[in-house]
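Take the sequence shown: its letters are residues -19 to -1, 1 to 279, numbered as in mature numbering (1 follows the signal peptide of the UniProt record, and there is no 0).
Rather than coming from a laboratory, the hints here were simulated on the basis of the structure. Mixed in with the good hints, there may be bad ones.
[What the hints assert, rightly or not] Here are the simulated SDA-like pairs of lysine to any residue, each with C-alpha atoms no more than 20 Å apart in a straight line:
hint	residue 1	residue 2
1	Lys181	Thr228
2	Lys169	Glu207
3	Lys169	Pro214
4	Lys181	Asp141
5	Lys192	Leu163
6	Lys100	Ser82
7	Lys192	Ser246
8	Lys192	Lys100
9	Lys113	Ile92
Every value quoted in this text rests on a predicted model; they were computed, and no experiment measured them.
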Amino acid sequence: MTTLQTMFFLFFFVPLVKLVPPIQQESLNLYEYDTDIFEELFKQDYEDKSQDAIKKKGKDGMIVSPDSNIQLELQRDESVPKVPPTKDTNLPTCLLCVCLSGSVYCEEIDITDIPPLPKETAYLYARFNKIKRVAVSDFADIPTLRRIDLTGNMIEEIEDGAFSKLLLLEELSLAENKLIRLPVLPPKLITFNANYNRIKSRGIRANAFKKQTNLSYLYLAHNTLESVPLNLPETLRVLHLQFNNITSVTDDTFCKSNNTRYIRSRMDEIRMEGNPIILAKHPNAFSCLKTLPVGAYY
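Could you build the full structure based on these sequences and the hints that come with them?
Pasting the structure below:
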């Protein structure tokens, strides 16, 4: 019986003992596996921190991450408004100036002539340059113009037909130039500014403003006018004539000598300070006005 038990033990349990690996070997294998995990985690953590550090850097001498170009493009798309381009933007003018949806901005770039404009230009701003002359051909093909601002140039000559065919033009500024006479003005002008020039009374035609049926704001201050321009339109609301050489006015300058009931109802402001005129010598010259001119001597 003892012999049978011994054989049974050897037959069943000895093979099982051989199949179980030693404890030392198992612990060694586990240690090597854990080392690989730590190496992978360390490597991944290092790469993540490196990428984070790269992404924090920007344009100013700093590194940009590989995805930053896409991110910057997305930011540009979200932050910059999409303005429809003006036609003919490949003109040299639109490389030198800024052309945006019918407006052309050519300010302080030292141009000496009116640049070629896109055909649908409505607003031209060419202030503070060195333009000396305005020709008929400058605006001949741009009938869409509504505003022209040539303030602060060196304009001495304007051809008579330069503006007269601009039937939509409502605002024209020739302030701070070297003009000695006024050009023919377009028919629908609302605002005209020729302050700070060298215009004398003989440089303004007698009928220069007679047909200006929309003219509301007329600025002729700081010139060398000896008298108030004739035939001012009924639509006029503001007239600036300060700092000229005006010494006298007539009863028909603002009013109508043959109509004592006439009132110039739209005229809100006349400025004449800085002129040597004495209003007391012309008691009837302002009788049709709602208010007396500002700054004149009484």
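Here is how each hint holds up against the structure:
no.: 1; hint: Lys181 - Thr228; in the structure: 13 Å, holds
no.: 2; hint: Lys169 - Glu207; in the structure: 27 Å, violated
no.: 3; hint: Lys169 - Pro214; in the structure: 12 Å, holds
no.: 4; hint: Lys181 - Asp141; in the structure: 17 Å, holds
no.: 5; hint: Lys192 - Leu163; in the structure: 15 Å, holds
no.: 6; hint: Lys100 - Ser82; in the structure: 12 Å, holds
no.: 7; hint: Lys192 - Ser246; in the structure: 19 Å, holds
no.: 8; hint: Lys192 - Lys100; in the structure: 28 Å, violated
no.: 9; hint: Lys113 - Ile92; in the structure: 10 Å, holds
The earlier numbered hints that this structure contradicts are 2, 8.
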